[in-house]
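J.: Protein chains in written order, with this note's numbering: chain A, 92 to 204; chain B, 179 to 292.
It should be emphasised that the hints constitute simulated quantities derived from the structure, not laboratory data. Since the structure is predicted, the reported quantities are computational estimates derived from the model, not experimental observations. Be aware that one or more of the hints could be misleading.
Said to hold, decoys possible - Quick partial rundown of chain A residues pointing at chain B, CB under 10 Å, derived from the structure:
hint: 1; residue: S124
hint: 2; residue: Q132
hint: 3; residue: Q135
hint: 4; residue: F136
hint: 5; residue: E143
hint: 6; residue: G149
hint: 7; residue: S164
hint: 8; residue: C182
hint: 9; residue: Q193
hint: 10; residue: Y194
hint: 11; residue: G198
hint: 12; residue: T202
hint: 13; residue: V203
hint: 14; residue: L204
Ideal placement from N, C-alpha and C gives every residue a C-beta, glycine not left out.
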Amino acid sequence: DAGVTQSPTHLIKTRGQQVTLRCSPKSGHDTVSWYQQALGQGPQFIFQYYEEEERQRGNFPDRFSGHQFPNYSSELNVNALLLGDSALYLCASYGTGGTDTQYFGPGTRLTVL
Amino acid sequence: GESVGLHLPTLSVQEGDNSIINCAYSNSASDYFIWYKQESGKGPQFIIDIRSNMDKRQGQRVTVLLNKTVKHLSLQIAATQPGDSAVYFCAENKGKAAGNKLTFGGGTRVLVKP
Numbered sequence: 092d093a094g095v096t097q098s099p100t101h102l103i104k105t106r107g108q109q110v111t112l113r114c115s116p117k118s119g120h121d122t123v124s125w126y127q128q129a130l131g132q133g134p135q136f137i138f139q140y141y142e143e144e145e146r147q148r149g150n151f152p153d154r155f156s157g158h159q160f161p162n163y164s165s166e167l168n169v170n171a172l173l174l175g176d177s178a179l180y181l182c183a184s185y186g187t188g189g190t191d192t193q194y195f196g197p198g199t200r201l202t203v204l
Numbered sequence: 179g180e181s182v183g184l185h186l187p188t189l190s191v192q193e194g195d196n197s198i199i200n201c202a203y204s205n206s207a208s209d210y211f212i213w214y215k216q217e218s219g220k221g222p223q224f225i226i227d228i229r230s231n232m233d234k235r236q237g238q239r240v241t242v243l244l245n246k247t248v249k250h251l252s253l254q255i256a257a258t259q260p261g262d263s264a265v266y267f268c269a270e271n272k273g274k275a276a277g278n279k280l281t282f283g284g285g286t287r288v289l290v291k292p
């Protein structure tokens, strides 16, 4: 039973560029949330996708957008990258028909130069 | 405002001793609380959770205590092992109505000395 997977593992971009990160939820899960974790801090909620729609959103600008596909996988897009966007981006999933326990992927380390 | 915070940034413990990690929260409107363990270079790993209507819950070598009177949460790890070295986060979940959004504290680093 595969857990939450994310790609790529690491990514280096320059300011102003755009980036797309990918997430496949744990088998049987239909809800995907994205979190940003700055170095030395706890994860911060970006947004959540369910039934291919954004259901909840945290305090992040519109430069952060996402998408969920029919197979429940998800993408996080960040436009006009800033140095402050450098962080570990985590994807978490859970199944609405089961427990509310959210399982995290290994994350994508994004470095903006 | 709402917050989930931790008392100590680093906890150093001797192998075999018990560890206690503390967490304070300020928002009472939460459905349940969760403890996650994060090792270097990895994503947070679920340890144990506790519903807001419970005071105590036990797992394998771990116990979580919830004191709603003083809004305090703790994680106890029995017989701490080198593999327990990691950063531990408490998180608050406000439930399905809020989309099960997790609010994390800043984390406590546990260092296990041999």
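J.: Does each hint hold? Answer for all of them.
T.: A quick look at each hint next to the structure:
With a least beta-carbon distance of about 7 Å to chain B, the hint placing A:S124 at the interface is held under the 10 Å criterion. A cut of 10 Å between beta carbons decides the hint on A:Q132: the least distance to chain B is about 6 Å, and the hint holds. Annotation: A:Q135 was flagged as interfacial toward chain B, and the flag holds, the nearest CB pair being 7 Å apart, inside 10 Å. Annotation: interface hint on A:F136 holds; nearest CB of chain B at approximately 5 Å, less than 10 Å.
Among the interface hints, the one on A:E143 is violated; its C-beta lies about 15 Å from the nearest C-beta in chain B, farther than the 10 Å criterion. For A:G149, the interface hint holds, since its Cβ comes within 10 Å of a Cβ in chain B; the closest pair sits about 7 Å apart. The interface hint given for A:S164 is violated, since its Cβ lies 17 Å from the closest Cβ of chain B, which is over the 10 Å cut-off. With a least beta-carbon distance of about 8 Å to chain B, the hint placing A:C182 at the interface is held under the 10 Å criterion.
Below 10 Å, beta-carbon pairs count as interface contacts, and A:Q193 has one with chain B at about 6 Å; its hint therefore holds. Using the Cβ-Cβ criterion of 10 Å, the hint placing A:Y194 at the interface with chain B is satisfied: the shortest such distance is roughly 6 Å. The beta carbon of A:G198 comes within 5 Å of a beta carbon in chain B, closer than 10 Å, and the hint placing it at the interface holds. Because the closest C-beta pair between A:T202 and chain B is about 14 Å apart, greater than 10 Å, the hint is violated.
About 19 Å separates the beta-carbon of A:V203 from the nearest beta-carbon of chain B, more than 10 Å, and the hint is not met. Residue-level restraint check for A:L204 is violated (minimum Cβ-Cβ distance to chain B is 21 Å; threshold 10 Å).
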